Amino acid sequence: GEDVEQSLFLSVREGDSSVINCTYTDSSSTYLYWYKQEPGAGLQLLTYIFSNMDMKQDQRLTVLLNKKDKHLSLRIADTQTGDSAIYFCAESSNNAGNMLTFGGGTRLMVKP
Amino acid sequence: DGGITQSPKYLFRKEGQNVTLSCEQNLNHDAMYWYRQDPGQGLRLIYYSQIVNDFQKGDIAEGYSVSREKKESFPLTVTSAQKNPTAFYLCASSGPGLNTDTQYFGPGTRLTVL
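Those protein sequences? They're chains A and B, same order as listed.
Position one of the first sequence corresponds to residue 69 (this note's numbering), numbered consecutively onward.
Position one of the second sequence corresponds to residue 0 (this note's numbering), numbered consecutively onward.
Chain A with its partners taken away, still in its complex shape (with noise of 0.2 Å):
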């Protein structure tokens, strides 16, 4: 089946900016999504980008996406400590009926 994949975790301190990068197979997907997940709640819906689109921003976020090489980044500047919390990646594709294929979740530290 197809793939996403992410790096496990990254930290950063307070102010810096945060790279979170994603790779994914599926050269038919129609959108791809980053998601935040707190301790012990719900995935919350950050930001999706088009299959057709470079770069989407959105306040502090930025969402790059090369397409050829399929590779998606969530980019978030002066990165808070209420930013800490695990991010997903995630694509729709039409190969697998418009359903969501996770990838397994970067763990974002931000360091005071």
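Warning: the hint list may mix true and false statements.
In silico DSSO-like cross-links for lysine-lysine, where the CA-CA straight-line distance does not exceed 30 Å [said to hold, decoys possible]:
#	chain 1	residue 1	chain 2	residue 2
1	A	K104	B	K8
2	B	K56	A	K138
3	A	K104	A	K136
Stretches of chain A that chain B covers, calculated by requiring three or more beta carbons in the stretch to come under 8 Å of a beta carbon on chain B [as the list claims (entries may be wrong)]:
#	stretch
4	103 to 117
5	171 to 177
Reference excerpt, derived from the structure (chain B facing chain A, CB under 7 Å, subset only) [to be verified]:
#	residue
6	G41
7	L42
8	L89
9	D100
10	Q102
11	F104
12	G105
13	P106
14	G107
FYI, nobody ran anything at the bench for these hints, they're computed from the structure.
The structure displayed is predicted, hence computed values, not measured ones.
Every residue gets a Cβ at the ideal spot worked out from N, C-alpha and C, and that includes glycine.
Please build the complex by placing chain B on the supplied structure of chain A, with the hints as guidance.
Chain B in isolation, oriented as in the chain A frame:
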């Protein structure tokens, strides 16, 4: 407020007992999903339903059952056949709008088998 609710937040079960987790949405979404999350792991799909009175098995359906009698509700039963049911269970829904693939999640239910 529109959203997805799951109850209870914490649930304890003795071995050999069936237990039902509730998921309700008032977003008018057609599709609903159940995922299981184990500590430090990603999400695994248990069951999904794209329309009332119809549902499909996901990747790890064994030991679980669901029903979809109403559009708003998609309860999950964890049966005694599920060998390792202790986990965090997440419900999601998706529906009409510009992007019907986008899933919105409930707050989750943590099930512990004693």
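key: Violations among the numbered hints   = When the structure is compared with the hints, none of them turns out to be violated.
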